[in-house]
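Trainee: Residue-level listing of the chains:
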Amino acid sequence: MSHRPHIEHSEQSDNQDSAEQQLRLCGDWTLQQYEQAKAALNALSDTQITAVRTLDGRDISRLDSAGVFLLQQYFGTELIETAQLAGQQQKLATLVLQACKDEQAPQHRGDNPLLQWLEQIGRVTCSVLQQQKQLLAFLGLALDNLSRTLFRPSRWRYTATAAQVEQIGVNAIPIVALLTFLVGAVIAFLGARVLDEFGAAVYTVNLVGFAFLREFAVLLAAILLAGRTASAFTAQLGSMKANEEIDALRAQGLNPVEVLVLPRVLAMLISLPVLTLIAMLCGVLGGMLVCWLALDISPALFMHIFSRDIEPVHFWVGLGKAPVFAFVIALIGCLEGFKVAGSAQSVGEHTTSSVVQSIFMVILLDALFALFFLEMGW
Amino acid sequence: MVSKGIISVRGLHNQFGDNLVHEQLDLDVAQGEILTVVGGSGSGKSVLMRSILGLHRPSAGQIEVDGVDLLRADSEQRVQLERRMGVLFQRGALYSSLTVLENVLLPLQEHLSLPAEDAEALALMKLRLVGLSSAVADNSVQSLSGGMIKRVALARALILEPDFLFLDEPTAGLDPIGANDFDELLVTVQRALGLTVFLVTHDVDSIFKVSDRVAVLAERKVLVVDTPERVATHPDQWIQSYFQGPRGRAAQHGKSHPVNAKEDA
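Same order as they appear, the protein sequences are chains A and B.
Its first residue numbered 1, the first sequence is counted upward by one per residue in UniProt numbering.
Its first residue numbered 1, the second sequence is counted upward by one per residue in UniProt numbering.
It is worth saying that the hints were derived from the structure and are not from the lab.
Be aware that one or more of the hints could be misleading.
Pairs of lysine to any residue residues, derived as SDA-like cross-links and limited to a Cα-Cα distance of at most 20 Å, are as follows [to be verified]:
hint: 1; chain 1: A; residue 1: 38; chain 2: B; residue 2: 121
hint: 2; chain 1: A; residue 1: 339; chain 2: B; residue 2: 11
hint: 3; chain 1: B; residue 1: 221; chain 2: B; residue 2: 118
hint: 4; chain 1: A; residue 1: 101; chain 2: B; residue 2: 118
hint: 5; chain 1: A; residue 1: 38; chain 2: B; residue 2: 112
hint: 6; chain 1: A; residue 1: 133; chain 2: A; residue 2: 317
hint: 7; chain 1: A; residue 1: 91; chain 2: B; residue 2: 135
hint: 8; chain 1: B; residue 1: 221; chain 2: B; residue 2: 205
hint: 9; chain 1: A; residue 1: 101; chain 2: B; residue 2: 111
hint: 10; chain 1: A; residue 1: 339; chain 2: B; residue 2: 143
hint: 11; chain 1: A; residue 1: 38; chain 2: B; residue 2: 134
hint: 12; chain 1: A; residue 1: 38; chain 2: B; residue 2: 221
hint: 13; chain 1: A; residue 1: 101; chain 2: B; residue 2: 135
hint: 14; chain 1: A; residue 1: 339; chain 2: A; residue 2: 244
hint: 15; chain 1: A; residue 1: 133; chain 2: A; residue 2: 259
hint: 16; chain 1: B; residue 1: 221; chain 2: B; residue 2: 75
hint: 17; chain 1: A; residue 1: 38; chain 2: B; residue 2: 131
hint: 18; chain 1: A; residue 1: 101; chain 2: B; residue 2: 239
hint: 19; chain 1: A; residue 1: 91; chain 2: B; residue 2: 184
hint: 20; chain 1: A; residue 1: 101; chain 2: B; residue 2: 131
hint: 21; chain 1: A; residue 1: 101; chain 2: B; residue 2: 120
hint: 22; chain 1: A; residue 1: 38; chain 2: B; residue 2: 116
hint: 23; chain 1: A; residue 1: 339; chain 2: B; residue 2: 140
hint: 24; chain 1: A; residue 1: 91; chain 2: B; residue 2: 128
hint: 25; chain 1: A; residue 1: 91; chain 2: B; residue 2: 114
hint: 26; chain 1: A; residue 1: 38; chain 2: B; residue 2: 191
hint: 27; chain 1: A; residue 1: 91; chain 2: B; residue 2: 191
hint: 28; chain 1: A; residue 1: 38; chain 2: B; residue 2: 190
hint: 29; chain 1: A; residue 1: 339; chain 2: A; residue 2: 259
hint: 30; chain 1: A; residue 1: 91; chain 2: B; residue 2: 131
hint: 31; chain 1: A; residue 1: 38; chain 2: B; residue 2: 205
hint: 32; chain 1: A; residue 1: 38; chain 2: B; residue 2: 184
hint: 33; chain 1: A; residue 1: 91; chain 2: A; residue 2: 133
hint: 34; chain 1: A; residue 1: 101; chain 2: B; residue 2: 128
hint: 35; chain 1: A; residue 1: 91; chain 2: B; residue 2: 11
hint: 36; chain 1: A; residue 1: 38; chain 2: B; residue 2: 117
DEER-style ranges, computed between Cβ atoms [stated by the list, open to error]:
hint: 37; chain 1: A; residue 1: 101; chain 2: B; residue 2: 139; range: 14 to 24 Å
hint: 38; chain 1: A; residue 1: 139; chain 2: B; residue 2: 238; range: 56 to 66 Å
hint: 39; chain 1: A; residue 1: 117; chain 2: B; residue 2: 67; range: 31 to 41 Å
hint: 40; chain 1: B; residue 1: 91; chain 2: A; residue 2: 352; range: 40 to 50 Å
None of the values given here were measured: they were computed from a predicted structure.
C-beta atoms are modelled at their ideal positions from N, C-alpha and C, and glycine is treated no differently.
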């Protein structure tokens with residue numbers, strides 16, 4: 001049961017002047033009735049409000065802190081303190097008025113939207129630069145740790161590394177194989193379609209071989225691992241960070257980079273070249289199948305052309321990029337994990353960031369490599 | 001037997017697999033009191049609280065809040081009632097993707113169609129009410145200390161002007177000074193707003209400082225409900241070791257003879 005909040009002008013005084021100066025508050029002054037209460041107050045003119053000398057709160061049936069707050073905004077603290085409220089309501093009013101007393105209206109950041117936009121651009125630019133700096137620093141840290149443990153086999157973590165190799169390498173074989181097989185077939189189809197017009201369909205073999213050995217195998221494997229493994233690294237290390245496990249390691253005199261990062265980096269360094277090799281095989285296999293079915297180039301002929309025209313250097317160019325990509329992906333995944341700050345939200349944000357960054361870095365590095373190899377004539 | 005309280009639990013059964021947590025549990029919370037529920041780990045304090053809040057459906061029993069049978073009420077009635085209950089979860093359960101102000105604001109925006117300015121002003125008032133300055137309003141939740149998290153959570157619990165306040169170990173993880181401050185805040189707010197408070201705690205200091213009555217949960221039911229002083233003298237062995245252990249004694253001592261306690265120390 002609720003009563004509409006309303007205000008009555010009390011006329012009990014016989015003095016003409018003071019008749020306007022007392023207001024009687026009635027009904028429920030609660031959060032539920034907030035808008036009605038505000039409407040009742042807005043109905044008073046400014047001069048009426050300033051003319052009020054006393055409030056009579058004896059007829060207030062229910063009052064809560066929202067109601068006190070509203071009244072305070074219109075009538076100020078003093079009038080409510082003397083409003084003859086009932087005992088419980090008086091206690092409430094005292095507490096709320098106390099809270100209102102040291103009120104400092106919060107600064108509203110209602111700036112120019114253009115300025116906000118510029119500010120946003122600046123902030124993002126700085127954070128990107130900051131990110132690259134952190135990545136370089138982390139690279140140094142990882143290399144430092146690697147070089148210190150490299151010549152001390154007793155510090156090698158075989159079990160952790162092997163477990164990671166299984167996770168990120170062995171378990172990824174089916175998806176990498178299937179994906180590159182399909183892409184190999186697609187490339188061969190494209191080649192067959194375009195090259196056939198020039199009567200050069202036989203060069204499809206060269207196209208598939210060239211594309212897969214140099215670029216596609218390593219790129220596809222790296223992008224797959226960036227999506228599959230960098231995110232896993234970030235989520236694993238991130239939830240450990242959120243759970244203070246990283247701090248626990250450090251407090252026990254263990255080096256988190258050595259314990260957590262090195263096995264992951266090493267496992268990546270082992271897994272990605274192997275996966276690249278598998279990707280090359282499957283891609284070429286896909287191409288070979290399409291050549292056989294669509295162009296009547298038998299596997300034997302395919303192998304003959306392949307071994308005659310494709311130089312081994314293409315293989316080494318492709319494979320040589322794998323360790324670099326592996327290192328970058330592992331580093332970004334781990335670094336983003338360490339950046340997580342104690343909440344589920346943060347784990348999610350950094351996982352996304354790690355995948356985006358590692359794919360971006362892989363493609364960027366690949367472009368740089370392509371330029372470099374082109375200039376070198378390899 | 002105490003007359004039926006504003007919250008009344010009758011014959012509550014809660015069973016998880018073979019594990020019987022509550023059996024024929026009766027409990028009454030009187031209007032405007034602070035009832036503290038204590039009990040060993042696994043005695044079902046949290047399950048009891050979650051049952052009353054409707055977060056857990058009990059196996060059997062009857063729970064009435066302000067005359068409404070919670071387990072048989074239609075959803076409209078339930079929503080009405082839920083809006084009158086504020087909850088402070090053990091670890092605050094603040095929404096980590098929102099700022100402090102947005103956390104307090106959210107229930108207000110969802111349940112009432114107030115103008116944005118009014119809602120914000122009310123939320124800021126609530127933050128000040130629990131002793132936080134307006135300066136923290138735009139902070140992210142991650143940047144808060146343990147004590148501040150509890151205060152923001154309290155502000156959020158109070159924003160819809162509840163009649164009932166449920167607190168799950170509000171002082172856990174706070175330092176003694178922070179815990180003491182929080183207890184004082186709780187009592188002040190409870191007295192001023194006339195709240196009915198259901199408090200689950202392990203903190204013996206808190207029990208003596210804030211409780212009107214203490215309910216001890218053991219052997220799958222409420223063993224005893226009474227004032228803290230009288231519960232502390234109950235002959236049950238668990239209660240004795242709980243209240244008469246070194247921590248319990250210090251807390252009681254502090255309550256009844258604050259000056260002596262200081263001299264003893």
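Trainee: Run through the hints listed earlier and report the numbers of any the structure violates, in increasing order.
Mentor: 2, 3, 6, 7, 8, 9, 11, 12, 15, 16, 17, 18, 25, 26, 28, 31, 32, 33, 35, 39, 40
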